[in-house]
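A.B. asks: Residues per chain, in single letters:
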Amino acid sequence: MAVGKEIREKIKSVKSTQKITRAMEMVAASKMRKAQERMEASRPYSDKIAAVVGHLANAHPEYQHSYLNEREEKRVGYIVISSDRGLCGGLNVNLFREAIKAVKAHSDAEVDIDYTAIGSKALGFLGRMGGNVVSEASQLGDNPEMAALIGTVKAMLDAYDEGRIDRLYVVYNKFVNTMTQEPTVRQVLPLEQEKSEDFGHHWDYIYEPDAKPVMDTLLQRYVESIVYQGVVENVACEMSARMVAMKSATDNAGDLINDLELVYNKARQTAITSELADIVGGAAAV
Amino acid sequence: MSMTVHVDIVSAEKEIFSGVAEMVYAPAEMGEVGIAPRHAPMLTRMKPGEVRVQQPSGEELDFFISGGLLEVQPHVVTVLADSAVRAADLDEAAVMQAKERAEAAMQDKQATMDYAKAQVELIQAAAQLQTIQRLRKRSGV
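Chains as they are written, first to last, in this note's numbering: chain D, 1 to 286; chain C, 287 to 427.
The hints are simulated quantities; they were obtained by calculation from the structure and are not laboratory data. Hints may contain errors.
[Claimed, not checked] DSS-like, lysine-lysine: derived pairs with alpha carbons at most 30 Å apart:
1) 333/C / 212/D
2) 423/C / 300/C
3) 154/D / 300/C
4) 31/D / 300/C
5) 266/D / 19/D
6) 212/D / 300/C
Bound conformation, chain D alone (with noise of 0.2 Å):
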């Protein structure tokens, strides 16, 4: 009896699909746990990087730094993080929205924007939008590496030097829970300090060897651990975005089972009564 061949088909089918699905959420799972942990490794690092700076900026050095300066804005520049991969809900979307949001301001007031791609589906989405990619770093996997960063950012801290920006912006996901990640716009340069009062008196670093290349060398280090901090972030939120994704897809996929399966019993049901009818029918003629 071939009653529901199709049915049962794509019963078959949705159970193939829904046994990926649940592996890419179990592996999802683990990974989002290795990578929170890693995001709060590299976090005492910011941290105390970004006490260093808030001293520097109540200090009084003879050298004024340009990362310290607001310029007028002529064109500036943003670092896009996104993941390598998709299957991630609506992860990567929501930020280039808030992207584009961002940029949108910027390109009213007909100011130039040049883009650093980090994550492959940045470097697409940049692409497709036929923005001004000037440096990208891709395929940088689980476990990415400041060293593998370096580069990318270089080329953008290059351009403010230069006087190419007059403004650098870092685009990400802000990791909140597991269940919440936060598209994030974040001004870089020049850096925003804070003034804090328990520095009453006037002081000043001893630089060794000199002002210049000291505070070079650590505002570029601060600089990059803000973004290495973004892409690390970005990781942890890729991961729990696709687990919950794939959860979703996994109960979809039970819940279309169960509507199929009822749908081929009905049907099986209604060819064997027809059957058995036609039976009693044709007994009751003869």
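Dock chain C against the given chain D, drawing on the hints supplied.
C.D. replies: Only chain C this time, still in chain D's reference frame:
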């Protein structure tokens, strides 16, 4: 009680050490510096080398760093290491290899690796070797 200073050693990837010390030695760019508690505020770059932390218990801890920044405040010393690994964990063979590779790259002018990068690798490898040899001598192996 003797005076102490709080020390934080961090690298981009992780926290290496956080605790108190009576004295901290660091490979500053202009030569090794020893930081005692209540040192004047100072900011300097560091060469690859080792940071030594003298703890109040008298024990001394060694950390190899491949360069970075040192910030000194009267009661806090912050070491922002570029990449820090515990000295005892260093793999001597890997260091030798890195050194050989760096030397080979310096001789081979045709190689894609540029000279400055090779030189940095060589300095790092030499500093790591020194640390390992010192540790080895101390433990009497």
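A.B. asks: A separate judgement is required for each hint: does it hold in the structure or not?
C.D. replies: How the hints compare with the structure:
{"no.": "1", "hint": "333/C / 212/D", "result": "holds, 17 Å"}
{"no.": "2", "hint": "423/C / 300/C", "result": "holds, 29 Å"}
{"no.": "3", "hint": "154/D / 300/C", "result": "holds, 22 Å"}
{"no.": "4", "hint": "31/D / 300/C", "result": "holds, 18 Å"}
{"no.": "5", "hint": "266/D / 19/D", "result": "holds, 26 Å"}
{"no.": "6", "hint": "212/D / 300/C", "result": "holds, 28 Å"}
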